[in-house]
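So the sequences go chain by chain: W and V.
Oh and the first sequence: position 90 is 148 in this note's numbering, straight run, nothing missing.
Oh and the second sequence: position 27 is 855 in this note's numbering, straight run, nothing missing.
Just so you know, these hints were derived from the structure itself, not from any lab.
Where a beta carbon is used, it is the ideal one built from N, C-alpha and C, also for glycine.
Just so you know, not all the hints are guaranteed correct.
If you anchor each label on the Cβ, the simulated ranges turn out as follows [stated by the list, open to error]:
{"id": "1", "chain 1": "V", "residue 1": "Gly900", "chain 2": "W", "residue 2": "Ala238", "range": "53 to 61 Å"}
{"id": "2", "chain 1": "W", "residue 1": "Lys164", "chain 2": "V", "residue 2": "Thr889", "range": "23 to 31 Å"}
{"id": "3", "chain 1": "V", "residue 1": "Pro947", "chain 2": "W", "residue 2": "Glu120", "range": "18 to 26 Å"}
{"id": "4", "chain 1": "V", "residue 1": "Pro947", "chain 2": "W", "residue 2": "Glu191", "range": "48 to 56 Å"}
{"id": "5", "chain 1": "V", "residue 1": "Thr865", "chain 2": "W", "residue 2": "Glu191", "range": "41 to 49 Å"}
Sample of chain V residues facing chain W (criterion: CB under 10 Å; computed from the structure) [said to hold, decoys possible]:
{"id": "6", "residue": "Asn881"}
{"id": "7", "residue": "Asn883"}
{"id": "8", "residue": "Tyr917"}
{"id": "9", "residue": "Ser920"}
{"id": "10", "residue": "Asp922"}
{"id": "11", "residue": "Leu924"}
{"id": "12", "residue": "Gln957"}
{"id": "13", "residue": "Gly963"}
{"id": "14", "residue": "Cys964"}
List time: in silico EDC-like cross-link candidates among lysine to aspartate or glutamate, alpha-carbon distance up to 16 Å [to be verified]:
{"id": "15", "chain 1": "V", "residue 1": "Lys888", "chain 2": "W", "residue 2": "Glu162"}
{"id": "16", "chain 1": "V", "residue 1": "Lys888", "chain 2": "W", "residue 2": "Glu191"}
{"id": "17", "chain 1": "V", "residue 1": "Lys888", "chain 2": "W", "residue 2": "Asp180"}
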Amino acid sequence: MPTLHILSRIAVAVSLGAALTACSSSSPDELAKSQKAVDAMKQPLEDKIKPVAERQKAPAFELKDATGVPVTLALYKDKVVLLNFWATWCVPCKAELPWFQEFESKYKDQGFAVVGISMDEDGWKAVKPFIEEHKLSYRMVVGNERVGTLYGGIDSLPQTFMIDRQGKIASIHTGLVSKATYQKEIDELLSGGIVEDKKDASLFDTGGASQLAFFRAK
Amino acid sequence: MLRCLTLVVLASSLSFAQSKALVQGRTETVKAKIGSTVEVKVPFELREGFHVNSNTPLDKTLIPLKMTWKDGILGAQAVTFPKPVMGKYKFSKDVLSVFTGNFEVTTKFKVAPTAPPGPTAVNGEVRYQACNDNGCQFPTTVKVVVQVMLVN
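Okay, chain W solo, but in the shape it has when bound (with noise of 0.2 Å):
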């Protein structure tokens, strides 16, 4: 028992400096955030496959493409849609890039498509030579804090969410992720992972976001 008083003690001393350390610097709310991102980040690399039943709806967004075109997951009805949130100052980021390029080129007669949404705080300004830079043809969007939310809080990246046919989300990748992963999950909704339940027509509503922390939390 004097052990466990003596440890207590020297835990309130250890834990008094580095919360007044903490106070000196930022705000809890700054420091919670970016608590979010270290855990995010030391998640292990490749999620796998959700069952079909596990899944959850993709929260429903609109965002404009470069030419301000809306762009929202209506439009990729039926589609498995591989979703990926990066920013131009992410260097793991720019690595899965080209996959997604090769991946879209290969599979969009199948039924499969990427969109891709930029975080950069200079949205097009830094995101438009980038893309041109890099020859990206897929769809891109200018993405915002709102939509992060939508998705669970995007607080590192690169995050990709893999999206079946239904509009539900089949994987969530938290940093990068080797080529073959997304080349055996783009194999796997496009050759399957239909949903039993065929009374859930609304696939795309916004009934997804409140329900996305209890998957990622899965």
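Given the structure of chain W, go ahead and fit chain V onto it with the hints provided.
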């Protein structure tokens, strides 16, 4: 009961304190003569496994580490960064100019000749963008404070 509550609150704060990839290290109070020029070294500690872009990244799309100081009794004249590490990471075929581990940024300040003697502080901020082998955090700004004792 109160002790337990304190422990929970403080443990929670400890968890937060560990969350930023880059934090200002323990910085000694600087003694400076009024009217003189003084060099201030600010230590930074980077979380294990992380790196930040240096002040001179090799790719124009990358966000450089930048340090700025608020004007006051001490005016910043020049900021000197350490020599960057040319790092090779699994996610890039190119070498990256980064800072890793613990490092110091030095700033030369001019103390106003009209400054009153006694304790004061200089406030600044460092903007950085950190990554590990798996992904990147969003660009972040951290406040920096240095205590200064002004003497005649």
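So, going through the hints one by one against the coordinates:
Our hint of 53 to 61 Å for Gly900 of chain V and Ala238 of chain W holds, since their Cβ atoms are close to 56 Å apart. About 27 Å separates the C-beta atoms of Lys164 of chain W and Thr889 of chain V, a value consistent with the hinted range of 23 to 31 Å. Here the CB-CB span from Pro947 of chain V to Glu120 of chain W is close to 54 Å, at odds with the stated 18 to 26 Å. For the pair Pro947 of chain V and Glu191 of chain W, the supplied restraint of 48 to 56 Å holds, since their beta-carbon distance comes to about 52 Å.
For the pair Thr865 of chain V and Glu191 of chain W, the supplied restraint of 41 to 49 Å holds, since their beta-carbon distance comes to about 44 Å. Of the supplied interface hints, the one on Asn881 of chain V holds, with its beta-carbon coming within about 8 Å of a beta-carbon of chain W, less than 10 Å. Interface hint status for Asn883 of chain V: violated, as the beta-carbon distance to the closest one in chain W is roughly 15 Å, over 10 Å. With a cut of 10 Å, the hint placing Tyr917 of chain V at the interface with chain W holds, because the nearest CB-to-CB distance is about 7 Å.
Using the Cβ-Cβ criterion of 10 Å, the hint placing Ser920 of chain V at the interface with chain W is satisfied: the shortest such distance is roughly 5 Å. Restraint check, Asp922 of chain V versus chain W: the minimum CB separation of about 8 Å is within 10 Å; hint holds. A least Cβ separation of about 7 Å between Leu924 of chain V and chain W falls short of the 10 Å threshold, and the interface hint therefore holds. Proximity of Gln957 of chain V to chain W holds as hinted, the smallest CB-CB distance being about 6 Å (cut-off 10 Å).
About 4 Å separates the beta-carbon of Gly963 of chain V from the nearest beta-carbon of chain W, less than 10 Å, and the hint is met. At its closest, the beta carbon of Cys964 of chain V sits 4 Å from a beta carbon of chain W; the interface hint therefore holds under the 10 Å criterion. As the CA atoms of Lys888 of chain V and Glu162 of chain W are separated by approximately 28 Å, the hinted pair breaks the 16 Å bound. Between Lys888 of chain V and Glu191 of chain W, the direct Cα distance comes to roughly 13 Å. Compliance with the 16 Å bound is thereby established for this hinted pair.
Among the hinted pairs, Lys888 of chain V with Asp180 of chain W is consistent with the structure: their alpha-carbon atoms are about 14 Å apart, no more than 16 Å.
The structure does not agree with the numbered hints 3, 7 and 15 stated previously, though it agrees with the rest.
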